[in-house]
Amino acid sequence: MAKMHITTTINGEPTEFLCDPQQSMLDVLRDNLGLTGSKEGCGSGDCGACSITLDGRLVCACLMLAPEAEGKKIETVEGIAKGDQLHPLQKKFVEFAALQCGICTPGVLVAAKALLEKNNNPTETEVRFWLAGNLCRCTGYDKIIRAVMDVAADMRGAAR
Amino acid sequence: MSTGKYKWIGTRVDRPDGADKVTGRARFGADFNMPGQLIGRVLRSPHAHAIIKSVDTSAAEKLPGVKAVVTAKDLPEQPNVIVPAGEMQVNLRDITRNILAREKVLFEGHPIAAVAATTDAIAKQAVELIKVEYEVLPHVIDVTEAMKPGAPVLHDHLITEGVKPAPTKASNIAKRMDNTKGDFEAGLKQAEIVVEREYTTQAVHQGYIEPHATLASAAEDGQVQLWSTTQGHFQVRGFVSRLLGIETSQIRVTPSEIGGGFGGKTVVYLEPIAVRLSQKSGKPVKMVMTREEVFRASGPAPGGTVRVKLGAKKDGTIVAAECEIALQAGAFPGSPLGPACWTSFACYDIPNIKVVGFDVVSNRPKVAAYRAPGAPISAWGVESTLDVLALELGMDPIDLRLKNAAKKGTKTSYGPTFDTIGFVETLEAVKKSAHYKTPPKPGYARGVAAGFWFNVGADSSAASHVAEDGTVTVISGNPDIGGSRASLALMAAEELGVDYSKVRPIIADTSSIGFNFVTGGSRVTFATGLAVVNSVRDMIRELKVRAAKTWGVDPDAVIWEDGVAKPAGSNVGEFEPLTLSQLAATAGKTGGPINGHAQLNAQGAGPGFGVHVVDLKVDRDTGCVHIDRYTAAQDVGTAIHPSYVEGQIQGGAVQGIGWALNEEYIYNAKGRLDNAGFLDYRMPVASDLPMIDALVVEVPNPHHPYGVRGVGEVPIVPPLAAVGNAVARSINIRMTDLPLSPPRLSAAIDAATPKMAAE
Amino acid sequence: MNDVRYSAPNSLDEASKAMMAAGGAGRILAGGTDLLVQMRSGMQKPGVIVDIKKIDEMMSIQDLGGGSFRIGAAVSGALIGEHKALKKAWPGVVEAINLIGSKQIQGRASAGGNLCNASPAADSGPALVAAGAMLTIHGPNGRREIPVEKLHSGPGRTTLAPGEILVSFTLPARPKGSSDAYLRLIPRTEMDIAVVGVGVNLTISGGKCTAARVGLGAVAPTVLLVEDAGKALVGSSLDDAALEKAAAACRAACKPINDKRGTIEYRTKIAGVLLKRSAAIAIERAKGN
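Residue numbers (the numbering used here), protein chains in the order written: chain A, 1 to 160; chain B, 1 to 759; chain C, 1 to 289.
Don't read these hints as lab results, they were simulated from the structure.
Just so it is clear, CB atoms sit at the ideal spot from N, CA and C, and this is done for glycine as well.
Hints may contain errors.
Cut-off 30 Å, straight-line C-alpha distance, at most; resulting in silico cross-link-like pairs (DSS-like, lysine-lysine) [unchecked claim]: (1) Lys502(B) - Lys91(A); (2) Lys3(A) - Lys53(C); (3) Lys118(A) - Lys87(C); (4) Lys181(B) - Lys407(B); (5) Lys148(B) - Lys309(B); (6) Lys617(B) - Lys276(C); (7) Lys411(B) - Lys432(B); (8) Lys53(C) - Lys72(A); (9) Lys45(C) - Lys124(B); (10) Lys73(A) - Lys45(C).
The calculated label-pair distances, taken between Cβ atoms and stated as ranges, are [said to hold, decoys possible]: (11) Ser501(B) - Pro155(C): 58 to 64 Å; (12) Glu16(A) - Val81(B): 53 to 59 Å; (13) Thr119(B) - Ile257(C): 35 to 41 Å; (14) Ala219(B) - Glu70(A): 38 to 44 Å; (15) Asp240(C) - Asn119(A): 37 to 43 Å; (16) Leu33(A) - Phe575(B): 55 to 61 Å; (17) Glu145(B) - Lys255(C): 29 to 35 Å; (18) Lys88(C) - Ser501(B): 54 to 60 Å; (19) Lys313(B) - Glu126(A): 49 to 55 Å.
Just some of the chain B residues that point at chain C, by a computed CB distance under 8 Å [stated by the list, open to error]: (20) Asp621; (21) Leu679; (22) Ser687.
Excised from the complex, chain A in its bound form (with noise of 0.2 Å):
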């Protein structure tokens, strides 16, 4: 099978790589770079443990094809944390106990992100329908709501 050459920028970084042709993003980050904090929970666009954005836009890497990547700014939750400093909502979610097994945390992380990048000012409601895509078994979502509220508040206060 004739692989494909790719040229994109996953997290700021210039990235090549060579892929199937049908070959989603999920797999080509997990098996082919190694990055594997964008987690599988289903294969099917329905919990959100694999959220990236792609041109800033939040969407499932496994519902993307890999060869989509061409050209493209792709951020993972690699991506989050600048040098050894976290971002403000991962370090929120550690103090509030947002995460209990954590492994929707990563794609919770990049979708709580890109809300707070267009909205900083959510309602309870808005947090909750923007997470909607995001699946957690373990806290009932309490914990992790109130983290990115509380973040959100944060970045008004530091915005004034």
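Given chain A's structure and the hints, the job is docking chains B and C onto it.
Frame of chain A, contents of chains B and C only:
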């Protein structure tokens, strides 16, 4: 919450594995790889029930890239004996057949063969090349149907246990279980009011987001290494050892981080297959289930039927209680029938109790433990019927429960007499809560229900090491499924009197620490916590010896306080206290490394009780339920890390809400699962829910140094009936069949008001 | 192993040619939120995947004036939701498209893909049928236009000929006093497939309904245009009696099945309930326009 009694216990510290888990660094089951690894895939039955006439793997074996194929012939036959498996019991003869079918396939998704190939694509193609000849048999899915005479019989050898005289004919009823207290019939005669209802529940899945995954590497010298996502790596080792005939010490299992389990990862599916494929191919083999495979072939919790009869005095005193339960075991015997029976009336002090249970096989995947296994099903029946009684008596549902609440000295129907428990305190906390004192919003109705779980002790091992600089490593052997590293480190820091940040908790593989029973039954913080505390105490004993040596005094003359060794009194002599780091620095001169160890079979687990309150509204036109407010109160003993205690309560409550409202296994006429995915197996999403108020009640367990009871199981027990009771009070219809999905609620509303029906 | 090829042509002619060359083995990739799931389950085994997101016409939204818009078939739901003028003019169409899946799905899924996947439960269907959307189709023999309700021939089947590609859909100009709404019933609040979906598009003038179209989804093999429901509303003052008549027409139009998502009785009943509720929203909106 914190009484000020402790320095670390009761604080909300950052978990030790926090940074790893928010950066993607933490390695879960599917994140492990080895050079040269093969990918394993499983061929599964499309039929619910069929005889396997032949399996031809020759075409698959010839496919380039295929390195090994296994069928049941590659696993040794097993004796008909029962061994403990996680929170349940399994029969070895059955489990080897569950892993790879032999004579028959017994459910859709039943594994028949597996291949290992150089790529996933080749492995999938090879699976399609395996030819299986089936003789399809009639199947049975439903418990009630499976119990009827004339139902298709799954196992020709299955004679109902627990019935005298023993039946002569095989049936699908594997077991009958009876437990009684007092005389139910006599008690019923004293009753002034009797209520009775029958209920059903459907099978539900634990719904962990991480599918089962394993990586096996069998070396030519017979040593085996496994990386696996599991709640019990010692159980994985035990099963692989028995099922493949490998000496236990030859197998080393390293647990990955685990992406949820809830009881569903206490058994093995892939591991023995992966090891066998690795043995045959001489290469490491990685296997990961798809979500569809998880639904079709890993153990859900059973569905079942429950009949409850209560007799009471007009003042609400319950004088007689009966519960009859039949649970789906799945394809092989062994539902959580015992806990379902024993927990049924455990919340209440009732003089006359009769409980009968049936364990029933049908053509479904073999059930596995799910958070308080069995208890939510009987509680759905009992707590709903209590609500019927409360309504008929015109009594407040909390008052009815307070009137009959179990307390210290109450004898249970299953034997033990309760020591200090906190059910009354929990009921009273709810009664005093802002939620309960405020009436539901207009249009909303309130439901209340209670729940019980034993909590579990069992085997744990732990070790504590002082490093050269005086920092501490605490080693235990239970996968951290929801923050247990933090709880263990907090207890160790408290015991040792050092800063939490100086204690590093580690979860060791099966070869690096002594045996540990599974992470389950709400046992880790209690039992492994006890082992950790004891190992630290053992280390402190050694620290005192070293201080004594340094000072030239008797070890008994040294005390350990606030993280330092001190003379026990002024008569010992004037010595500056010795810190951990000072003692560590001189350890080489005082006897070498300073370590502590502990191993135990923890007794005295403290039972937990929960009381939940929900305000909800039913859209009468659509049957859709909207939850406005939810409070979950629970006696947790002592909250070691309050945030994770609340998290357990919140998560359990939401799983129960899902069970109540929408989750169910849906089978079609061919006995195939129709909703094997997260799209149509509807677990709650964030937008379905309000905040869940966790009301933590602390009545310490007298049998644990810090009063720990265990938290995780109880919160899934009350929600089914709490939601059902609120629905009943909202629409004035007692719903008895779960889930309370919109079509079902709508049909019930229409049946009660015929004019509203369509047309 | 089947040898799959991926191509991302820049023009419709190239795309159409690639599809023709692939015979029956060509599949169009827009957002991929259905195609990748189907490939993974083995339901689809394409030989050629034609990614049409590099074709400008399929990726743009044009404001044609007077409330008319032409929307590229591959434009993602998220982009449609962010188009303020479109959202103001066609709130029902936009809310229907924005109900397709999670925020993650919205980042990729397109209304064109949602339509071409031809599920009778697709959320875009009833709203676009109610809107009277016209589809532009590009094929080997040039272009043609069809009303949206003519696209589906059954569950998973369309009337597109080999090599034909859905390019865009056009929402018509509407007089003042018009608006639309879409409601669906799902057991949860998100992440479900519609058990029933109802789109209502109407115009009010002088207190009377002068035009009305009703689209109904998930109750028959294809999305339905319920003409009797529209007729029941037109000429009325949109009073309860007219709404009940329209609801009855919706119930009468249902030819549903029993499946894991709902029963015949339930779907039929809900079609009426949702007609009334979505009409109420559309009326409220129309009064404000």
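Exercise. Honestly, do aspartate 240(C) and asparagine 119(A) meet the 37 to 43 Å range at C-beta?
Worked result: Given range 37 to 43 Å: holds, Cβ gap about 39 Å.
Exercise. Do the Cβ positions of lysine 313(B) and glutamate 126(A) conform to the proposed distance bound of 49 to 55 Å?
Worked result: holds, 52 Å
Problem set entry | Distance restraint evaluation - glutamate 16(A), valine 81(B), Cβ atoms, bounds 53 to 59 Å | Holds: the Cβ-Cβ distance is about 57 Å, inside 53 to 59 Å.
Exercise. Any CB of chain C closer than 8 Å to the CB of leucine 679(B)?
Worked result: holds, 7 Å
Exercise. Between threonine 119(B) and isoleucine 257(C), is the Cβ distance one that fits in 35 to 41 Å?
Worked result: holds, 40 Å
For this session: Could you see if the CB distance from glutamate 145(B) to lysine 255(C) stays within 29 to 35 Å?
Result: holds, 31 Å
For this session: With a cut-off of 30 Å on the C-alpha distance, tell me whether lysine 181(B) and lysine 407(B) pass.
Result: Within the cut-off at roughly 16 Å; holds.
Exercise. Is the hinted pair lysine 148(B) and lysine 309(B) satisfied, with a Cα-Cα distance of at most 30 Å?
Worked result: holds, 23 Å
Problem set entry | Agreement of hint aspartate 621(B) with chain C interface, Cβ distance less than 8 Å | holds, 5 Å
For this session: Hold the hint about serine 687(B) up to the distance rule: shortest CB distance to chain C must be less than 8 Å.
Result: holds, 4 Å
For this session: Decide if the proposed pair is consistent with the structure: lysine 73(A) and lysine 45(C), CA atoms, cutoff 30 Å inclusive.
Result: The hint holds at about 28 Å.
For this session: Starting from lysine 411(B), check that the Cα of lysine 432(B) is at most 30 Å away, please.
Result: holds, 28 Å
Taken one by one, the earlier hints all hold for this structure without exception.
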